[in-house]
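Chain residues, written in single-letter form:
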Amino acid sequence: MTMQAASTEIASRTAAIIDEMKGLEGPLLPILHSIQEEFGYVPKDALPVIADGLNLSRAEVHGVVSFYHDFRAKPARRHVLKLCQAEACQSMGSDAVAAKVKQLLGIDFHETTRDGSVTLEPVYCLGLCACSPSAMLDGEVIGRLDDEKIEEIVAEVHS
Amino acid sequence: MIPRIYIPADSGALALGAEKVARAIEKELKERGVEAKIVRNGSRGAYFLEPMVEVATDKGRVAYGPIKPSDVKSLFDSGFLTGGHHKRWLGAPDKIPFFAKQTRLTFARCGINDPLSLDAYKSLGGLRGLQNAVAMAPADVVKQVTESGLRGRGGAGFPTGIKWKTVLDTAGAQKYIVCNADEGDSATFADRMIMEGDPFVLIEGMAIAGIATGATKGFVYVRSEYPHAVATMNKAVAIARKAGVLGLNVLSSPNAFDMEIRVGAGAYVCGEETSLLNSLEGKRGVVRAKPPLPAIQGLFGKPTVINNVISLASVPIIMDKGAAYYKDFGMGRSRGTIPIQIAGNVKHGGLFETAFGLTLGEIVDDIGGGTASGRPVKAVQVGGPLGAYFPRSLFDTPFDYEEFAKRDGLIGHAGITVFDDTADMLKQARFAMEFCAIESCGKCTPCRIGSTRGVEVLDKVAAGIEAEKNLALVTDLCNTMKFGSLCALGGFTPYPVMSSITHFPEDFKPAPARVAAE
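Protein chains in written order, with the working numbering: chain U, 11 to 169; chain S, 186 to 703.
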């Protein structure tokens, strides 16, 4: 599990990212992506630093961070498993896949297993609609999920 | 000649194990002491054959697929490096029926070569369109695109040339080209395939758009769910810049054009053009009211062309072969070709580029080969999560913007999802409302509140609580959402809902009756 960084360290690393990127046109999203890459999440302590660096109000920055599904408020777990729940996957039984994964991991969507190894999230389309049902494990794409592949994934996240 | 082996690195192929196949082939080459060059190409789009491995032989390419790592040993044993016969042998790729029946204009090069080889791109006609464009007056480029009949492939179907003309005619110290690559609709993957399989065609299209309208800066807004596309586009832009395709002097002309790749953050609504612009500016992806049109006040308030990936990627061939060539394909007011993405519960899923005009039945039954499960087709959703569900009785509808509109549907980004007879249309209608509630940007009331109320009312129908009364309420609610929402998210969610209710009324009967009917 990622350790949460101390607030002074967050501030200085955030300031460095802002310095590097604030020359971009519309720099806020690229900055937030970089911060999430750096820390594994967007720490609360980074928000006033961003607001200050881009001459925005804290409320505006909070508004943007909270608008987008991708930005996490807590550190990412070791694994993030995203299961596609959109129509093309539904037509190939994504409901049953989700039910099986939830049962095997003992968690629901948006939850993390007790050992902190994996967070389960729904995703609405990975663009793998001719290879349904699909999933993404830590950025790696997996198509035509079946029982065997599901068990492989579950074994991998628990190892 | 050292044999060349082509193994796709397209996300879809990777999801089906292409990486493991590549590693198995590498290992086998080493063990057998055979020399060969492995090229990682994009996908040609027949996902039922992926991972599809190709070998360049004296007699041309020979394809094999779908290949599992366990097939690799036997592939070598049957002499696949010279096109030898094997149970997975498919022959020349362009003779495979799924490809032979297509008309590939926009996707002419996709999946054939290493997507990041600019030389390979040029060898197959790449950059000829841009070369022509830099020698022409901007207004003539716009005229050619207008005459081609190209319409917005993102879904709205607005004539691309007219959009460009507005930007050309609007004065501005800075203008922008924005490419909408926030391909969030389920059943669509054409944008992803182009970005991963032929990124230079998009770069060329954007440069032409820049030259035609006087814009010097472009942005591609790619969704974060497409990490491979983002990586390929970033590399391709760097290569294009180095080769002088982008920069202060595009192809040594006085025209300047450069571009950046930007990544979204998981908001479906950012596929709507005005919320995409807000997101690019670093704001919440909230929809803007129109007017002002983005063509007049777009990104940072400047005149902006905002086009879908496929619209822009179709421009190079128009500028290469001329408006008349492109316009010659298609029917009615839908000119040219459309990459149809056949997805979901279907036997032959993949991307099928063809002239407008095939009927839905031909697409689903003949090309798609029916369902993957082997059960009868019950419904087909055309145009993504905001598209209508069509029953078999409407399978004679030709694939054309106007023909679909006449039947209360839309072709959208040309994705179609096939469902077999186990689909519960009440559940699908409820999902449409639920999805709208999750993804609503919250700016307008019909979408923000209507979608949540829609889920609740449909739950009542499912529970058999005053079904008739509640269905009337849903219908009324859909009417409000359709006409009262600011953008297509709230405005089009009624399509899947109402089409389910209209075409599949038996699924909306009160629960006891449904049980009795089964």
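Calculated from the structure, these hints are not laboratory results. Every residue gets a Cβ at the ideal spot worked out from N, C-alpha and C, and that includes glycine. One or more of the hints may lead you astray.
[To be verified] Computed spacing ranges between beta-carbons, pair by pair:
1) U:72 to S:429: 39 to 47 Å
2) S:645 to U:29: 50 to 58 Å
3) S:262 to U:29: 54 to 62 Å
4) U:158 to S:509: 25 to 33 Å
5) U:148 to S:274: 50 to 58 Å
6) S:262 to U:118: 43 to 51 Å
7) U:156 to S:246: 37 to 45 Å
8) U:72 to S:277: 56 to 64 Å
9) S:313 to U:112: 50 to 58 Å
10) S:653 to U:132: 53 to 61 Å
11) U:29 to S:264: 30 to 38 Å
12) S:280 to U:148: 51 to 59 Å
13) U:25 to S:279: 19 to 27 Å
14) S:301 to U:117: 37 to 45 Å
[To be verified] Coverage of chain S stretches by chain U, computed from C-beta distances (three or more under 8 Å per stretch; other residues unrestricted):
15) 278-290
16) 518-532
Here is how each hint holds up against the structure:
no., hint, verdict
1, U:72 to S:429: 39 to 47 Å, "holds, 43 Å"
2, S:645 to U:29: 50 to 58 Å, "holds, 55 Å"
3, S:262 to U:29: 54 to 62 Å, "holds, 59 Å"
4, U:158 to S:509: 25 to 33 Å, "violated, 53 Å"
5, U:148 to S:274: 50 to 58 Å, "violated, 35 Å"
6, S:262 to U:118: 43 to 51 Å, "holds, 48 Å"
7, U:156 to S:246: 37 to 45 Å, "violated, 31 Å"
8, U:72 to S:277: 56 to 64 Å, "holds, 58 Å"
9, S:313 to U:112: 50 to 58 Å, "holds, 53 Å"
10, S:653 to U:132: 53 to 61 Å, "violated, 33 Å"
11, U:29 to S:264: 30 to 38 Å, "violated, 59 Å"
12, S:280 to U:148: 51 to 59 Å, "violated, 39 Å"
13, U:25 to S:279: 19 to 27 Å, "violated, 55 Å"
14, S:301 to U:117: 37 to 45 Å, "holds, 40 Å"
15, 278-290, "violated (count 0)"
16, 518-532, "holds (count 6)"
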